[in-house]
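There are 2 protein chains.
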Amino acid sequence: MTGKQRIPPRSGTAFELGKGQRLTVIDPEGAQVSDLLAYGLDDVREVISNGRTFDYEQTIKLTAGNTLWSNRSNGMLKIVEDTAGTHDFLLTPCSTATFKHFYPDKPVHRGCFGNLAEALSPWGIGEDDIPCAFNVFMNVPVDGSSGRLSVETPPSEAGDRVVFEALMDCVIGLTACSAYASNGGSFKPIDYRID
Amino acid sequence: MTGKQRIPPRSGTAFELGKGQRLTVIDPEGAQVSDLLAYGLDDVREVISNGRTFDYEQTIKLTAGNTLWSNRSNGMLKIVEDTAGTHDFLLTPCSTATFKHFYPDKPVHRGCFGNLAEALSPWGIGEDDIPCAFNVFMNVPVDGSSGRLSVETPPSEAGDRVVFEALMDCVIGLTACSAYASNGGSFKPIDYRID
Numbered sequence: 001m002t003g004k005q006r007i008p009p010r011s012g013t014a015f016e017l018g019k020g021q022r023l024t025v026i027d028p029e030g031a032q033v034s035d036l037l038a039y040g041l042d043d044v045r046e047v048i049s050n051g052r053t054f055d056y057e058q059t060i061k062l063t064a065g066n067t068l069w070s071n072r073s074n075g076m077l078k079i080v081e082d083t084a085g086t087h088d089f090l091l092t093p094c095s096t097a098t099f100k101h102f103y104p105d106k107p108v109h110r111g112c113f114g115n116l117a118e119a120l121s122p123w124g125i126g127e128d129d130i131p132c133a134f135n136v137f138m139n140v141p142v143d144g145s146s147g148r149l150s151v152e153t154p155p156s157e158a159g160d161r162v163v164f165e166a167l168m169d170c171v172i173g174l175t176a177c178s179a180y181a182s183n184g185g186s187f188k189p190i191d192y193r194i195d
Numbered sequence: 001m002t003g004k005q006r007i008p009p010r011s012g013t014a015f016e017l018g019k020g021q022r023l024t025v026i027d028p029e030g031a032q033v034s035d036l037l038a039y040g041l042d043d044v045r046e047v048i049s050n051g052r053t054f055d056y057e058q059t060i061k062l063t064a065g066n067t068l069w070s071n072r073s074n075g076m077l078k079i080v081e082d083t084a085g086t087h088d089f090l091l092t093p094c095s096t097a098t099f100k101h102f103y104p105d106k107p108v109h110r111g112c113f114g115n116l117a118e119a120l121s122p123w124g125i126g127e128d129d130i131p132c133a134f135n136v137f138m139n140v141p142v143d144g145s146s147g148r149l150s151v152e153t154p155p156s157e158a159g160d161r162v163v164f165e166a167l168m169d170c171v172i173g174l175t176a177c178s179a180y181a182s183n184g185g186s187f188k189p190i191d192y193r194i195d
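First to last, the protein sequences are chains A and B.
Counting from 1, position 24 in the first sequence corresponds to residue 24 in UniProt numbering; the numbering is continuous, with no gaps.
Counting from 1, position 23 in the second sequence corresponds to residue 23 in UniProt numbering; the numbering is continuous, with no gaps.
These aren't lab readings, by the way, just hints derived from the structure by calculation.
Note that this is a predicted model, so its numbers are computed, not measured.
Among the hints, a few may not be true.
Since the list can't tell identical chains apart, any single copy or any two copies may satisfy a pair.
[Claimed, not checked] Straight-line C-alpha distance at most 27 Å; calculated DSS-like pairs for lysine-lysine:
id	residue 1	residue 2
1	4	106
2	19	78
3	188	19
4	4	100
5	106	19
6	188	106
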């Protein structure tokens, strides 16, 4: 147990999570998003995969009881507790390019993508190794009929948390999201704890 | 214009597609699926990304007028014609592991994943470089409310086609799908043409 850590607004971090350890991601103020990536510690070419997860879990809405799978069809993280219930696994982390595209009038930020790439670089993980993140607390409703999606303010409230149990030794990347749309326009921290 | 080529049932191929060239993928008998991958010819670490595409196109249902984007936020392929209208970009290619998982009583097949890895190996592309494919003609309805998805028989009819225009020089991987569920239980060829 490491005690609670804080990820400042618009930043990210990375750390190792051993098999059997639990990672708790907490939204301390509410309506904030945290992009989560997981790589195999033994070989970082193994990485969480939204496609494998959607296939094995037969849903795009992941919550307690669901597992996040790797590109090699191994379970990486199991969601063991979830007080929020709304997350996204469809979208890639916000980046310089997405800031220019979606917010042409606002200052460009390197976003979760740049924050993750820097935080993960000590493990030899680079920008091209970043897939779709599991976007904790992110609210991306999908119209099943038209396929249209939109990025809405997260319904998470202060203190909401998701607990992940590692099914293998992992390297984790984790952010406090930098984009305007994903967190209702305000930038807030994210807390986490390893037990 | 190369003339029409045939991909035999449960197999795959790969080829280069120059910027401005058009790839037509045809379902010659109906209700068959073709997994499509695209990599940057100049640097195969650039690859189609379902997450970037969902973000920029704001939909999970891609059809004529939509662009398939890369992990580096560049447009790779534009869909310029689509007589079928139903495709999937949520799921990863079927593989030895998915055969064991979904069809425990049936013979294991290396699936589109194995077929793509072999076909793409001359360009230095390996298994770990295979992301979610754009699954042409694949029918994966999603319940927007529950998030549940299912793999159903494709509604494509004999002769249905999708035309992609390359927005950069690409390496393309393309299959005639090997999985039972995705093509209604029968294995059929896929035709394609480059113009």
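(Q) Treating 27 Å as the Cα threshold, decide for residue 188 and residue 106: within, between, both or neither. (A) Result: close within a single copy only, 18 Å intra versus 51 Å inter.
- Message: Treating 27 Å as the Cα threshold, decide for residue 4 and residue 100: within, between, both or neither.
- Response: Answer is neither: 34 Å inside a copy and 41 Å across each miss the 27 Å cutoff.
| said: One pair to classify: residue 4 and residue 106, alpha carbons no more than 27 Å apart. Within, between, both, or neither? | reply: neither (33 Å within a copy, 48 Å between copies)
**Request:** Evaluate residue 106 and residue 19 at a C-alpha cut-off of 27 Å and name the case that applies: within, between, both or neither.
**Result:** Intra 41 Å, inter 32 Å, cutoff 27 Å: neither.
Same-copy or cross-copy closeness of residue 188 to residue 19 [CA-CA at most 27 Å]:
Classified as neither: same-chain Cα gap 30 Å, cross-chain 43 Å, threshold 27 Å.
Please work out whether the CA atoms of residue 19 and residue 78 approach to 27 Å or closer within one copy, between two copies, in both situations, or in neither?
Intra 11 Å, inter 42 Å, cutoff 27 Å: intra-copy only.
Against the hints set out earlier in the document, violations occur for numbers 1, 3, 4 and 5.
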